[in-house]
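Protein chains: 2
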Amino acid sequence: MTERPYSARVDILPAQRRALILERLRIQNAASIQDLAAALGASPSTVRRDLDYLTERGYIERTHGGALIQSAPMTRFEPEASIAAETARAQKSAIAQIAAQRLSRGQSVLFDASSTVREAARVICALNLSLTAVTNDIACALLLSNTASIHTIVTGGAIRPGSTTLLGSPGQDFLGGIHVDVAFIGVHTVSGGIFTETSLEVAAMKKRMIGAARKAIVLADSRKFGGQSFCEICAAGDVAEIITDDELPESVRREYDAMGITLTIAATSEESPV
Amino acid sequence: MTERPYSARVDILPAQRRALILERLRIQNAASIQDLAAALGASPSTVRRDLDYLTERGYIERTHGGALIQSAPMTRFEPEASIAAETARAQKSAIAQIAAQRLSRGQSVLFDASSTVREAARVICALNLSLTAVTNDIACALLLSNTASIHTIVTGGAIRPGSTTLLGSPGQDFLGGIHVDVAFIGVHTVSGGIFTETSLEVAAMKKRMIGAARKAIVLADSRKFGGQSFCEICAAGDVAEIITDDELPESVRREYDAMGITLTIAATSEESPV
DNA sequence: CTTAAAATATCAAATCATATCATATAGCGA
DNA sequence: TCGCTATATGATATGATTTGATATTTTAAG
Chain A
14 MTERPYSARV DILPAQRRAL ILERLRIQNA ASIQDLAAAL GASPSTVRRD
64 LDYLTERGYI ERTHGGALIQ SAPMTRFEPE ASIAAETARA QKSAIAQIAA
114 QRLSRGQSVL FDASSTVREA ARVICALNLS LTAVTNDIAC ALLLSNTASI
164 HTIVTGGAIR PGSTTLLGSP GQDFLGGIHV DVAFIGVHTV SGGIFTETSL
214 EVAAMKKRMI GAARKAIVLA DSRKFGGQSF CEICAAGDVA EIITDDELPE
264 SVRREYDAMG ITLTIAATSE ESPV
Chain B
14 MTERPYSARV DILPAQRRAL ILERLRIQNA ASIQDLAAAL GASPSTVRRD
64 LDYLTERGYI ERTHGGALIQ SAPMTRFEPE ASIAAETARA QKSAIAQIAA
114 QRLSRGQSVL FDASSTVREA ARVICALNLS LTAVTNDIAC ALLLSNTASI
164 HTIVTGGAIR PGSTTLLGSP GQDFLGGIHV DVAFIGVHTV SGGIFTETSL
214 EVAAMKKRMI GAARKAIVLA DSRKFGGQSF CEICAAGDVA EIITDDELPE
264 SVRREYDAMG ITLTIAATSE ESPV
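Line by line, the protein sequences are chains A and B.
In terms of my numbering, the first sequence opens at residue 14 and continues consecutively.
In terms of my numbering, the second sequence opens at residue 14 and continues consecutively.
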């Protein structure tokens, strides 16, 4: 037998392995580290690290000797998509940290359907603030529902295929009749001081959300800048603040400063505490 | 054979064992330490420690020699995901199989917020039927959203704390304005030919759902029979069918037959792994 | 009051967790 | 192409949990 005591990237990608762990847990609700290690052909150390990773992000609950699935199937995130989402994760996490600082207890908050906003929701959940939350994203709603201090309201509507976003009736009318302190909005692209989206329906929804908020905050990682989509949401000046990450080119920052737009840069340095 | 006087983590995770204890207590209301130790294959010491753990968190009440379930079992909110789930899984699965047979392609279906109904949704997803689904359960919605052939609509409303159920505005009004072919309804208890719930708000919601459906089907495992909750939903005769499992006593079956109610018994072929 | 069963406290052994290190691979730049 | 760095993996040592057993105290029943 060939000895291979130390190795890296033996057969599958780490993200794939983590997805397999989630899959397995979803089916059998719980698994021990020994079982997982045997099933995946990885060492207990690696499995343990994977479980830590998944626990940090709230997908599973760790127990002595193994892990359990986190209540509702929040785990339904396609492995491939989760790999893709991995690239901008550090940026999203940094933006989420800043966004969470914009809230204080007792406020009402609107969470748009967007992966960055969802990341912010995850951070906010950990703060245990007393909040009233409104969202049109069922994944976000499920996340918020696990926090006792947050009173969550779902707008309702049809699920946009391939996403967890709610559109149309009855949520659209509902949004027209409410007022919140803060709204966290995700956008598809930002360019030339204009926010844009790929679909008219989504753009209309976001427009209403911005209108319902006393203070609208757009969360957009640096890669969102520069492109252009079909449907216009509103001008960057119509929102109170844009939070992005530190990979945004200096030139773009100056451009938005010149427009008098509040642009906050989140530092992505504090990624791993080692 | 080989003696193993001292051991740790012999076959299942501690958290799983505690969940099993809780489930057993929910079924038979009380259990002795000796019984539990024999059933779980653990020592009395371990069982005693588990009972202490569950008592500290308020799940059960300790007595000399055993433990009792703490008050109303199903209404309790579990902050810990580890304890939840896994209860009566075989029964729910069997009921879900029958429920799925009630649908045909192109129909509109209402999924109530209930673990049994959610199980039915899981089975239905696998069928790849072309359906329009409406639900007031965000966990169910997330599940349905992963199936391309199902067009899902969420009612909207406030999340009932500790659950994934949506109540109140705007979903309640929305339900008043729609009509569906089939509604799968979960109930808290069935007794004397009456469905009951623990909360007025939930009962009102279910009443509307039943009203919106051309054919309402109640999914209730056998343990739901016999108890009685505060709020009345409707008479068993007001729905088209009740689907339950084969652990329902013969006497109860005859009782409902005599009332002229369609009671379908799902066979639970597989048993729970203890 | 007596007695058997249960609770409590404690201990030894096994397993698990954590931190650290050595190695292998991938990616990157010169 | 070559070397460098970052990341991932497995191994290992050390401390923490868990578990079953046992001795002792407490409880409940007759």
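Rather than coming from a laboratory, the hints here were simulated on the basis of the structure.
For each residue, glycine too, the CB sits at the ideal point set by N, CA and C.
Misleading hints may appear alongside valid ones.
[To be verified] Simulated coverage check for chain B against chain A, where a stretch passes if three residues somewhere in it have a Cβ under 8 Å from a Cβ of chain A:
(1) 51 to 62
(2) 143 to 155
(3) 183 to 191
[To be verified] A partial selection of chain B residues facing chain A, derived with a Cβ cut-off under 7 Å:
(4) Leu26
(5) Ala28
(6) Ser158
(7) Thr177
(8) Leu179
Against the structure, the hints come out as follows:
{"no.": "1", "hint": "51 to 62", "in the structure": "violated (count 0)"}
{"no.": "2", "hint": "143 to 155", "in the structure": "holds (count 4)"}
{"no.": "3", "hint": "183 to 191", "in the structure": "holds (count 4)"}
{"no.": "4", "hint": "Leu26", "in the structure": "holds, 5 Å"}
{"no.": "5", "hint": "Ala28", "in the structure": "holds, 4 Å"}
{"no.": "6", "hint": "Ser158", "in the structure": "holds, 5 Å"}
{"no.": "7", "hint": "Thr177", "in the structure": "holds, 5 Å"}
{"no.": "8", "hint": "Leu179", "in the structure": "holds, 6 Å"}
Consistency note: the structure conflicts with earlier hint 1 alone.
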